[in-house]
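4 protein chains.
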Amino acid sequence: MISVAILGATGYTAVELIKILLRHPHVRITALTSREDGRSVDQVHPSLAGRLSLSLENLAPAKVACRAECVFSCLPHCASAKIVPELLAAGARIIDFSADYRLDSPGVFQKWYGEDHPDPGRLGNVPYGLPELFRSEIPGATLVANPGCYPTSAILPLAPLLKEGIIAPEDVILDSKSGVSGAGRKPKMTTLYPECNESFAAYGVGTHRHTPEIDRVLTLFGGKATNVIFTPHLVPMDRGILTTAYLRPGKSGIRAKDVMDALRDFYAAEPFVQVVETLPATKDVSGTNNCRITARTVGDRILTISVIDNLVKGASGAAAQNFNLLYGFDETLALI
Amino acid sequence: MISVAILGATGYTAVELIKILLRHPHVRITALTSREDGRSVDQVHPSLAGRLSLSLENLAPAKVACRAECVFSCLPHCASAKIVPELLAAGARIIDFSADYRLDSPGVFQKWYGEDHPDPGRLGNVPYGLPELFRSEIPGATLVANPGCYPTSAILPLAPLLKEGIIAPEDVILDSKSGVSGAGRKPKMTTLYPECNESFAAYGVGTHRHTPEIDRVLTLFGGKATNVIFTPHLVPMDRGILTTAYLRPGKSGIRAKDVMDALRDFYAAEPFVQVVETLPATKDVSGTNNCRITARTVGDRILTISVIDNLVKGASGAAAQNFNLLYGFDETLALI
Amino acid sequence: MISVAILGATGYTAVELIKILLRHPHVRITALTSREDGRSVDQVHPSLAGRLSLSLENLAPAKVACRAECVFSCLPHCASAKIVPELLAAGARIIDFSADYRLDSPGVFQKWYGEDHPDPGRLGNVPYGLPELFRSEIPGATLVANPGCYPTSAILPLAPLLKEGIIAPEDVILDSKSGVSGAGRKPKMTTLYPECNESFAAYGVGTHRHTPEIDRVLTLFGGKATNVIFTPHLVPMDRGILTTAYLRPGKSGIRAKDVMDALRDFYAAEPFVQVVETLPATKDVSGTNNCRITARTVGDRILTISVIDNLVKGASGAAAQNFNLLYGFDETLALI
Amino acid sequence: MISVAILGATGYTAVELIKILLRHPHVRITALTSREDGRSVDQVHPSLAGRLSLSLENLAPAKVACRAECVFSCLPHCASAKIVPELLAAGARIIDFSADYRLDSPGVFQKWYGEDHPDPGRLGNVPYGLPELFRSEIPGATLVANPGCYPTSAILPLAPLLKEGIIAPEDVILDSKSGVSGAGRKPKMTTLYPECNESFAAYGVGTHRHTPEIDRVLTLFGGKATNVIFTPHLVPMDRGILTTAYLRPGKSGIRAKDVMDALRDFYAAEPFVQVVETLPATKDVSGTNNCRITARTVGDRILTISVIDNLVKGASGAAAQNFNLLYGFDETLALI
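Residue numbers (the working numbering), protein chains in the order written: chain A, 1 to 336; chain B, 1 to 336; chain C, 1 to 336; chain D, 1 to 336.
Hints may be right or wrong, so weigh each one.
Unchecked claim - Taking lysine-lysine pairs in the DSS-like style, the calculated list, with each CA pair at most 30 Å apart, reads: (1) D:Lys163 - D:Lys224; (2) B:Lys188 - A:Lys188; (3) D:Lys188 - C:Lys188.
To be verified - Per the computed footprint, the stretches of chain B lying under chain D, defined by three or more beta-carbons under 8 Å from a beta-carbon of chain D, are: (4) 45 to 55; (5) 282 to 290.
Everything labelled a hint here was simulated from the structure, so no lab data went into it. Predicted model, so just to flag it, every value in this text is computed and none were measured. For every residue, glycine included, the Cβ atom is placed at its ideal position computed from N, Cα and C.
Bound conformation, chain A alone (with noise of 0.2 Å):
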């Protein structure tokens, strides 16, 4: 049994995340912390009731590391790469949901996040935890970036693409729509009830900071760097992000059977990523890891499709996928 600990876990990637590990068969839950919060997690959470008998703590990073082998970091940016160095130094092994360790340049991470790096030097040193793409660099690793929602959802489909130089890197457009749980679970005028309900907006149009994440990645596979143009959209739906992505092709001739079997190429002996033939809808992956493809070409333009779970495979579920590779167990354990 690995013992695990989770951090900043009042939010919903936190009980998603439970609700996995629940199902683990080798992982034993033995810390929940929150900075303000000393009820138990069925008071703070409702549909846990029952099913564990914790209470949420406020636990220095040292004693975190005394109760758990591995750490679940759901804190936000900044508040993670805090106390990274002293959980690594007591001997514990991080999965990081935050963006703190997912770019490799303090200057970029600067820029974008509007503070100083916490922890520079670790920077560019730390796998991205998407295992369809950077699979071997997770099982030696003590600390994993899990990857961000609208990345995972816009790297999956276009890495292979780049990689193969079907799609050029230039002129890439993701139309990325969430459902509102990726807002986070503190009370907002933004995502109040009446606010998001029978609505749909675009929000951080050129500035959302999952920007130079995506662009760093796919810059890996496509050889030149990306200048990706990212629109969230918010969604009157709890789950699932689609994005639809508009692209030119790489060379000449490119037809869509091309870009289809390109795909299921690369995808093909992975257990999370379908590429299917008809549109897929969030709902298709709801409260799943998988990811679906789909891709048209329209004009002189080639569109990818692409849906997950925001919480699951764009959070909680990659988290229990990097686990699983850390340890040595079955990739899919607790997720299927």
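Go by the hints and put chains B, C and D onto chain A.
Same frame as chain A, now just chains B, C and D:
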């Protein structure tokens, strides 16, 4: 033109009221107040962009009364009654959305609201602004107590049946269901989108503050104290209230037809109450000042089902209806 | 491995059942039937893509019984009872989702369903598959009547209270609210998205076919005929049922604590029933086989509030629970 | 008073139109047609109960023209053009909601709609009823082609920018998102509540019939053929369309301010188009005839984001606006 002010103009009832008043040919909105807000009204309510050019101001009652003949107070309970005396003294007429003047006893108010009433002397002398039942009292008033949303949905079907002895006052069960806008616009965990979307729950069982308001008004019609069992529930939708009432016949031999006839007779001349054969849905009255009612007999019980839009007939539409009565306009002006 | 067939596999309960059974270590799904459909299951249910490779077939009962030891029938009422005799004769065990074997009287069936029962001789000899109340009858059975969704939500809170005399059987009011998946997957105007979204309505007032099913089971526990007043309502959400019950004490001096204690004692050992202090929301049990119950006293009434997921504990989860009992597996297998 | 008829009165655009026309001081609705329906209008549209007493009738065009000076046709494509000639011959003026007269080429119509146009001679001579762009052509017309919902949301932001050369016509990507009412009121599996609730999907990728309509009108303004990439998506909400357009500058040195200024100048006098600084949400214009537009620059791209209510500015509100122009009324009558 009547100059009007709206106090506490940041919420859902205020914006609904503004939209109604903008259609009113004899109204000019001259002041919108908020304790904290100096923003323009279209920043606070984007749907008003281009329709109204006013900023929210933190105005003292005297200032308000200088600007407006009629004041709509959307302030919370106790806040309203604290400034009503000064507004009245300054010559304003007031339509109060709060619960402050709906009860007739300071003791009952203290019991349910947990605070001493700031203006106890007026209790019992303020007309209850449900024109269908108290029309004659309104035109001459300087202060009107605008009814609560749940009470409106419960009292309209029951008052005529109590008056005629068709139902017994001793055994009244009200199971009410409301859209989320009824919970206000202040960010709260319980009304965050992912908390109440795809969910249904009861709240305030046995303790909701609309209970004594319903009891008070029904007692006037039944001639004898009712002690309603009132259970509110939250529906994942923006607006609408449906109340299912479980009642006992007040005399023997009552058939469904008798109940429907009594309702039809009572409301025959009312522009905003429709007694219908089919089961009404909240959507049938959404955005309107209508109340739809039907009745059935099941076993030894009489059931009524009534629907309103909580923001219109349950709040701002009723307020406009009262305004029309106060100033001698056609009661339906701006409401049809 | 137990080979299982699912009859009528195009609907919402069928796909929920398939997902549960795919997690079951001792089940192999060998046949899915549909009268009209020859499509692969992932065309009919896109969320199953990559998880199950079967096509829907129009199979005669004899063929079904050749393929499967256990048959789950998701056929409509009367369609099920028309083929059950042949399936039983061919040696299959059957878990029937329809209402066909839930009542014990052909006359009552005829009255509520408007058709003569196709297999009247078996009525009264088929266990009602609510294991929490009828567990001992299930393991030896060849045919189990899987309970209705509303009845499950109503019977679980009330049966223990009737048994202990805590509530009176003569005056039971059930106000139920269900998500739209309960209305099935056949395109109908009433369940079209823009018809039921942003709306709330009652339906089947006094005439819903689950009424005699509730009465029959409650009568077994109350020792005396109940004639429940049952009112279902449609909530704009996919899944979930909440039932608010208005009850009278069965003896004097009953306090809220007595009601809660009786419920807690009765369900102390049950894995899927949680008696909770706080008011439960349907979301707390969404996607689970749990039923959560609480009780309150208001005035002279006892109230219970219970929630289930209509597709899980209200249908397919209960069916899997019954399956586990039939074959001697741990009752919670594939369900936690 | 102008007598008006509505053909195909059972759908969502028809009921929206009826509600608008009931507020119009110079309109009397004299006929509502439906091929199959003889029900009263309030049975078909319960929200009209008590507001309009008409039954739906299966009327021949000659009969319609006897009853009404102006005919609103909500019939599907081809059905409309089959009766328009007879209605015109009988002296009626027609506002046609179908696509029949929006294109100017029978060949293009045949290609996208798969049928020969029933009235090809009129194509190219019917004004496109988007008053903001074609106002001068409408007053004298006997037949107006009411625009499609998606085209309205796409053309209003782009036409002024093409006209000024601010954007290039060769590379226009339109990512549109619509509420479910746009799919009509005929029961279909795809728009069943549990299918599209809590889900988001694209449809008609590269094949949606609004594409040639958008191309045709934009070409008029860009002076050169556009071949837009248009991708519609379905949002789990009743009403609203948001279109995110990804554009290239038509000349060098274009700043965001230039784009906004061009839009502001173009629409300065328009009552129903608001150019706004903040990102508009569909809810901001819900229930109104407004279109709100903003623009941004991101990287080397210009983005516009526009919102309308698909049932109002995208259909019935635009029709009423055209009606006002046809008959010389204030264009905003019944619409503000």
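Hint by hint, here is what the structure shows:
With a C-alpha separation of about 11 Å, the suggested pairing of Lys163 (chain D) with Lys224 (chain D) holds against the 30 Å cut-off. In summary, the hint linking Lys188 (chain B) to Lys188 (chain A) is supported, as the alpha carbons are separated by about 8 Å, within the 30 Å threshold. Between Lys188 (chain D) and Lys188 (chain C), the direct Cα distance comes to roughly 8 Å. Compliance with the 30 Å bound is thereby established for this hinted pair. As drawn, the segment 45 to 55 of chain B meets chain D at 4 residues by the rule of a beta-carbon pair under 8 Å; at three or more, the given contact holds.
Residues of the segment 282 to 290 of chain B lying with their CB closer than 8 Å to a CB of chain D number 7, which satisfies the three-residue condition for coverage.
The structure fails none of the hints (numbered hints given earlier).
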